[in-house]
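Protein chains: 2
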Amino acid sequence: MRKWNFCAGPAAIPEEVLRDAQNELLEWNLSGSSVMEVSHRSNLFAEVATSSMRDIKALLNIGDDHEVLFLQGGATLQFTSVPLNFTKKSSIVSYLNTGLWSKKAIKAASKYASVNVVASSEESNFTFVPNTQEWRVDPDSIYFHYVMNETIQGLAIRDPISSEIPVICDMSSCILSEEVNFNNLDLVYAGAQKNIGPAGLTLVIIKKDFLEKLMKIFLIFLAIKKIVRQAPC
Amino acid sequence: MRKWNFCAGPAAIPEEVLRDAQNELLEWNLSGSSVMEVSHRSNLFAEVATSSMRDIKALLNIGDDHEVLFLQGGATLQFTSVPLNFTKKSSIVSYLNTGLWSKKAIKAASKYASVNVVASSEESNFTFVPNTQEWRVDPDSIYFHYVMNETIQGLAIRDPISSEIPVICDMSSCILSEEVNFNNLDLVYAGAQKNIGPAGLTLVIIKKDFLEKLMKIFLIFLAIKKIVRQAPC
Numbered sequence: 246m247r248k249w250n251f252c253a254g255p256a257a258i259p260e261e262v263l264r265d266a267q268n269e270l271l272e273w274n275l276s277g278s279s280v281m282e283v284s285h286r287s288n289l290f291a292e293v294a295t296s297s298m299r300d301i302k303a304l305l306n307i308g309d310d311h312e313v314l315f316l317q318g319g320a321t322l323q324f325t326s327v328p329l330n331f332t333k334k335s336s337i338v339s340y341l342n343t344g345l346w347s348k349k350a351i352k353a354a355s356k357y358a359s360v361n362v363v364a365s366s367e368e369s370n371f372t373f374v375p376n377t378q379e380w381r382v383d384p385d386s387i388y389f390h391y392v393m394n395e396t397i398q399g400l401a402i403r404d405p406i407s408s409e410i411p412v413i414c415d416m417s418s419c420i421l422s423e424e425v426n427f428n429n430l431d432l433v434y435a436g437a438q439k440n441i442g443p444a445g446l447t448l449v450i451i452k453k454d455f456l457e458k459l460m461k462i463f464l465i466f467l468a469i470k471k472i473v474r475q476a477p478c
Numbered sequence: 246m247r248k249w250n251f252c253a254g255p256a257a258i259p260e261e262v263l264r265d266a267q268n269e270l271l272e273w274n275l276s277g278s279s280v281m282e283v284s285h286r287s288n289l290f291a292e293v294a295t296s297s298m299r300d301i302k303a304l305l306n307i308g309d310d311h312e313v314l315f316l317q318g319g320a321t322l323q324f325t326s327v328p329l330n331f332t333k334k335s336s337i338v339s340y341l342n343t344g345l346w347s348k349k350a351i352k353a354a355s356k357y358a359s360v361n362v363v364a365s366s367e368e369s370n371f372t373f374v375p376n377t378q379e380w381r382v383d384p385d386s387i388y389f390h391y392v393m394n395e396t397i398q399g400l401a402i403r404d405p406i407s408s409e410i411p412v413i414c415d416m417s418s419c420i421l422s423e424e425v426n427f428n429n430l431d432l433v434y435a436g437a438q439k440n441i442g443p444a445g446l447t448l449v450i451i452k453k454d455f456l457e458k459l460m461k462i463f464l465i466f467l468a469i470k471k472i473v474r475q476a477p478c
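Protein chains in written order, with this note's numbering: chain A, 246 to 478; chain B, 246 to 478.
Bear in mind the hints are in silico, worked out from the structure with no lab data behind them. Treat the hints with care, since some could be wrong.
Same chains, same label: a pair holds when it works inside one copy or across any pair of copies.
What the hints assert, rightly or not - Simulated pairs of lysine-lysine, DSS-like, Cα-Cα distance not exceeding 25 Å:
(1) Lys334 / Lys348
(2) Lys333 / Lys458
(3) Lys302 / Lys453
(4) Lys333 / Lys453
(5) Lys302 / Lys458
In isolation and in its complexed conformation, chain A is listed as follows (with noise of 0.2 Å):
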């Protein structure tokens, strides 16, 4: 019999998701190879990629406006990348502090740029979300960020933020469980492993237009802009 684990971190995968996995391990898609085996330079890997991006669109209906990427690591590589890509030294960026990860963003961030926590309830151990007429974001903010859902004290932000600057979000706890408007997110994060499929990689999804504000790349490897010029689609 089949057991449930409902951690987070890595967890239960759909059993019918395992048996294709299962079912095609040693020949793919009639490929005579793994799937693990393909060139990454291929067609057929590139048509992995290209519809798995494309699937990932259709499940989270997200236009056009968006780029979907799937990178290294985890949340934390992630948001150590975010300041790295987007602030320099004297840039502002706006952080909102609803728990743990909240506060590993924040101070992740504070190594690049100068932070404005714009509100946090910290002092009362977490137990609620700060109102937002209370949330005081400064207007030159290069970015506003917040934790959609807290995994440790378990506050969770169901409300669509209104904001007059790009607003980036974790959604890895939460990503693919719910009905969530993308428009007003210029970029969201998810580690693969909470809630949709094995360790080791992240679903980022990016504005646009909000690419465009990139600052110059620090490290080659969290060069979004570039890795998105080099998609396969």
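Knowing the structure of chain A, use the given hints to seat chain B on it.
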């Protein structure tokens, strides 16, 4: 009939390995789950990590002077994180230039430290390995870096390196394909997808006393020292 992909990048995996993975995909080790589904904090998973490290040490004949780490990404993430972890702006680092991957590593290091190229065959289009007698290693270097096997131009360095300063080696395209003496190697990295398995993981082997030379951590996900401390074994 199975096909064999010998290209650089993802390549053929032994059929018996694929068959084992296929058999265990739904139920692994009587756990009632796929190995992809079990908690990263469970004893079951800790045993996978511990035994994999033990097996790598046995296969490579590495003793207890070295740590074995399984990190995210590929060689690019590693040759970028090496200067971030070991240097400051005024540091000198020495690199041998024998091809495309050497050049990429030199370019990455140049952003964080002063790079001394000890020898290069670039002017002759990388058709020979410069004679070791002509290498000009700066004695004040934090480390010496070389690529054991260059996949594009084909230059390989088989002789062990004798050096007063710590030696770092990119072994992505030759690891586990020949016997290597690790005694004089302080840090070795190898992207898994060339010689070991599917893409997404990098093997890092680091001498414990070299770990002590790590500089203040710059990016949390590149923090090798922290990863070692948190490792299950």
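Hint-by-hint comparison with the structure:
Taking the shortest alpha-carbon separations for lysine 334 and lysine 348, only the intra-copy value of 20 Å comes in at or below 25 Å, while the best inter-copy value is 29 Å. Proximity of lysine 333 to lysine 458 under the C-alpha cut-off of 25 Å is restricted to the intra-copy arrangement: shortest distance 12 Å within a copy versus 29 Å between copies. Taking identical chains as interchangeable, the C-alpha atoms of lysine 302 and lysine 453 lie at most 25 Å apart only when both belong to the same chain, with a minimum of 14 Å there against 46 Å between chains. For the identical chains of this complex, lysine 333 and lysine 453 are intra-copy neighbours only, at 21 Å inside a copy versus 35 Å across copies, given an alpha-carbon limit of 25 Å.
With identical chains, the CA atoms of lysine 302 and lysine 458 are at most 25 Å apart within one copy only, with a shortest distance of 23 Å there and 46 Å across copies.
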